[in-house]
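S.K.: Each chain is listed here by its residues.
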Amino acid sequence: MSDSENPTAEDVFGSAVERQEDVPLLKGEAQFTDDVSLPGMTHLAVRRSDHAHARIVGIDTSSAEAMEDVVAVFTGQDVEDSGVPNAIPTAWDLPNLVQPQYKMLATDKVRHEGDGVAAVVAESPRVARDALERIEIEYEQLDHVTEPSEAVDRDVPPVHAEAEDNVAFDFELGDAEAVDDAFAEADHTASVDLRLPRIIPNAMETRAAVADYESTTEELRIWMTSQNPHLHRMLMSAATLGIPENRLQVIAPEVGGGFGSKIYHYPDEAVTAWSSMQLDRPVKWQATRTESYQTDCHGRDHETTAEVAMDDDGTVRGLRVETHAGIGAHLSQFGSATPSYLYATVLSGQYTIPAIHARVVGAFTNTTPVDAYRGAGRAEGIYVIERAMDVAARELDMDPVEFKKRNLVPAEEFPYESAAALVYDSGEYERGMDTALDHIDYEALREEQEELREEGRYIGIGVANFVESAGLSPSEAAGNLGSQAGGWESSIVRFDSTGTVTVLAGTADQGQGHRTTYAQIAAEELGVPLEDIEVVEGDTDRIPQGMGTYGSRSASVGGGSIARGAREVREKARRIAAHQLEASVDDIEFDDGEFHVAGAPDRSMHIQGIAHEAYLGHDLPEGMDPGLEVTDFYDPENFTFPFGTHVAVVEVDQDTGDIDIRKYVAVDDCGEIINPLIVDGQVHGGIAQGIGAALFEGASYDEEGHLETRRMDEYAVPHSTQLPDFETDNTVTPSPHNPLGVKGVGESATIAATPTIVAAVSDALQPFDIDHLDIPITPETVWRATGGND
Amino acid sequence: MSRHDISLTVNGTEHELTVEPRTLLVDALREDLGYTGANVGCDTGRCGACTVRVDGDAIKSCTTFAVQTDGASVETVEGLADDGDLDSLQAQFQENHGLQCGYCTPGMLMTADTFLQDAEDPSRDEIREAIEGNLCRCTGYHNIVDAIEDTAGLAGQSQ
Amino acid sequence: MHTKEFDYYRADSVDDAIEQLEAHDGAELMAGAHGLLPRMKTGEESPPALVDISHLDGLATIDRDGDTLSIGALATHADIAESQQLKQHSSALSDAAGEVGDLQVRNGGTIGGNIAHGDPRSDPLAAVLALDVELSVQGPDSQRTIDADDVFHGAYETAVRDHEFVTGLGVPVQDDAVSAYAKRRNPLSGYAMVGVAARLRLDSDTVTDARIGVTGVADTPFRLPAVEDALEGESVDGDIVEEAAGRVEKAVDPSELRGDSQSSGEYRAHLLSVYTEKAVTAALNRAG
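Residue numbers (this note's numbering), protein chains in the order written: chain A, 7 to 796; chain B, 1203 to 1361; chain C, -7 to 280.
Isolated chain A (complex conformation) (with noise of 0.2 Å):
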């Protein structure tokens, strides 16, 4: 850092800025959600469902209404009775999607252990949880299921009524007959099954919300752990709450992580602020550990068939996959577009596939309602062809490395449209493999590695190369795949009077660096220096509009509307320098904040005087409007197509089951990089997560459909002495479309981990004819795979 700090103006795009947001996060005095307390507050509980799926008979509130300092005590039925649209909504269609009412509290049936019943509200978070107890439930338990496949092949009784079979969709993409005449000609086939657990996001804050309504104004002001606070605002006005959009301020302040769960709009948030509209009233709500793994939407949950057709000489011929995808008991945003629209587009992965078709059939189940978790359906699709390449270059006896890059779109392809119904911006992949490949030495280890079957001691190579679609997204092309909601990003880049920047973005941090890397973009295109730069996020009154922060969309998407606002801003301000120093405009030249004319250095004006200029407006162009303010909606042409190859290489005891990463290198091309210092933060933490998923995570249920990951000690958060340290490199292969040649790199290394780690210890396992373990691949599970209970 030595060498970057105290960067001008000028170069502090792609520098290791410090991060701006750090100190009151150190000092322990920012803000989160649980942080704010109100005059009179109260404190709300949910009490949910202990069945995985039961008739509600019956509900008495009496003995918990009369527990000193409860104030209320609401059911499903006060919610409908209240006249409130009450509908939780999905924000993607599908051909035949099935979507059943989501209600904020239930009234007929409870779907999954966790659905909220009743909520009481009292003077102290202990009181309301005691009072949680008293209310008496009658319930009729009817038979649950929670596999996928099982939902939608045996006789259960349906989560909905309206899905009598539990399909909530059934959904194909690609060419099953081109497929059928590849698999046909081809002289080989190779096929894997692969089941992919639940992953519970476990963002170190459980999700939270204090509202407070004014009766007299009838204003709802809302903090929430939220990644979309406009969108949370258009969905309490449209969906759950009824309350025009004009009197509902969210504020999302400091949120302590996310990674997908704390997008989607559930029914708690809702409950709340609707609780403190009835008693008028502060009401604070924060879930508990338990609450949060029974409610925080799930990630993947996935059971699928892969089949690769392929020549002798390695070329892959087609791709045909067929997945049933948990949806869990309630359609939940992104429910339906991410095991359907995020994951089969992804099929084709790095390489040149000329046939592809997927089938993906999403079940209801009585389960935790399943999202996009980090990596969202491109981690399950980039996971599904790296398995199905090594099985096949396994079945072909060639070296993965090898047949991997046999395959891959060459470089001079791109713009890529690939059989999966995606166009791939650019890409180097093969530059990509070679920088991974040029951390290890592949040819020495190879060798290590018949060195030490002899002696039984067993390491393993895993390479894994992904290409995912980030920078959500062009609206017009997602609203044609059925898309409710836009793609835009929106920001207000704004002078003041006094020469200071501020930016209002509509995306919305939770911990990954927005203040730092959006002032980098400002200070570059304005040449302001960065403590002149205020980046404000996270409240709707602030900030008009905005989409949010999922899909690795803030810096590409987000970032590049601050870029454009930035850019017309300078552009308004060279007409007032040309104006005031007498020249044209094309004469002026902008360098570092100067403006000064062309070949005369000293008639110059810093771009900060000239907003005092603007604000003044005593002397403006004619014409010309006072201020010095753009507000941008940015909508993308494309997708962003972030790419990079990782490597593992694991020794495993054969006797222990025990794995040992020895090495990870990660080479990501996010396209330009605006902080390098935050970029590898993310990838570090994105291979941290995808090597839980590979070794440690996973979410299941009992016989009785209950969660037996209930807490952080039965759920596997990977820890400090679990994870090795990681060796990072990036290549820099710029987004054509983008305004700052940026992709976005928040959920890269999630996508990476998992088949790389996967791909490693199933390489060591050769000896012991093993293609594939599923995940997670626990001591145990090596124990057993290579006989050790024989």
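Hints may contain errors.
To be verified - To give a feel for the contact side, a few chain B residues facing chain C, derived at Cβ under 10 Å: (1) Pro1223; (2) Cys1264; (3) Thr1266; (4) Ala1283; (5) Met1312.
These are computed hints drawn from the structure, not numbers from a lab. The C-beta atom is built at its ideal place from N, Cα and C for all residues, glycine as well.
Given the structure of chain A, go ahead and fit chains B and C onto it with the hints provided.
M.R.: This is chains B and C only, laid out in the frame that chain A set:
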């Protein structure tokens, strides 16, 4: 139900408060005294986001009843900074990008700070073991280990 | 998350603590509360009253008294892990205390409470068995001692009676003994998935007496007589350790072992053999 008057010295300031026996130390600090730095992450003694020091020892304040600490000296993350300036450990967390969302950071800092009081020139493995009781979902720990290692290195240089 | 309501009493002496236990039906002692409090939060335990003994003086000491090392019940796991005397004479206990939970838990949890709580996954319990630790217990009318082999009755069940107070531990000092603890950590809870403490007495190269204590594997910590017998009388040279550890899988019935998301009983039985070998080897290595 009984209530108890207790006194706590937090970051050098003495406080008197009345608590239920079941009030956790973290709730007393956050709700009663306004020290909102320590966070509740798991609430079962696993994640360490609530770590504070009590009479010099790093402990998890969600696994301690406030009433037990009557008369104790408590140090929280708010007490680390020196006259408003980040202390060496905090500065290294910033320099090494050892935090992202920052939710686990107060507890992570208190554990690391306590560990560094006794550890000279710790290895990366020793650092990883020291923070095993503090979960972080954002960073993958790599940069946190860097930050603690660099803090120890700087302390070694200045001795 | 919080516990059910309870009454709180702070004891000012051991006698006072016992009187409080007698006076309040269902009351329990609390020192570090690291075993109890999490179970109170989940509702697995909900004592109506707690008697806080964490402030009692003189119960956190570690002293040598002739052929015994006396450890006060309020010594924390960190105290025990760092004690030079214990490292020298009862390394299996220092090892085990150093393996408890994490840094914060070792600072807060106490040895007396740990043993009395009887969590079948707790590390020190294996060392209690292997080192033949004697528990000192004070009751309303009398004091008594409990032999190591009589302490553990089941999951969270020990020989410590309702109104009794574990005041300390006595660890025999044996100049001819070496010991060690080897653990497979449950990555989720930090408790032992398998924990084995081995103590061997040696006459030059010959094992004269062996004690192996096991935790984490079953509902009750237990010893491994088959392995102990295989070691006793043998010279430590050769393959004796591997052979002795090999007897584990015959000595235990996997179907009676604990199974959880991280390990089936069958895998635990295998690991028990592996970690028995590790613990015995580590102990022998300390003989130098």
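S.K.: Tell me, which hint numbers fail for this structure?
M.R.: 4
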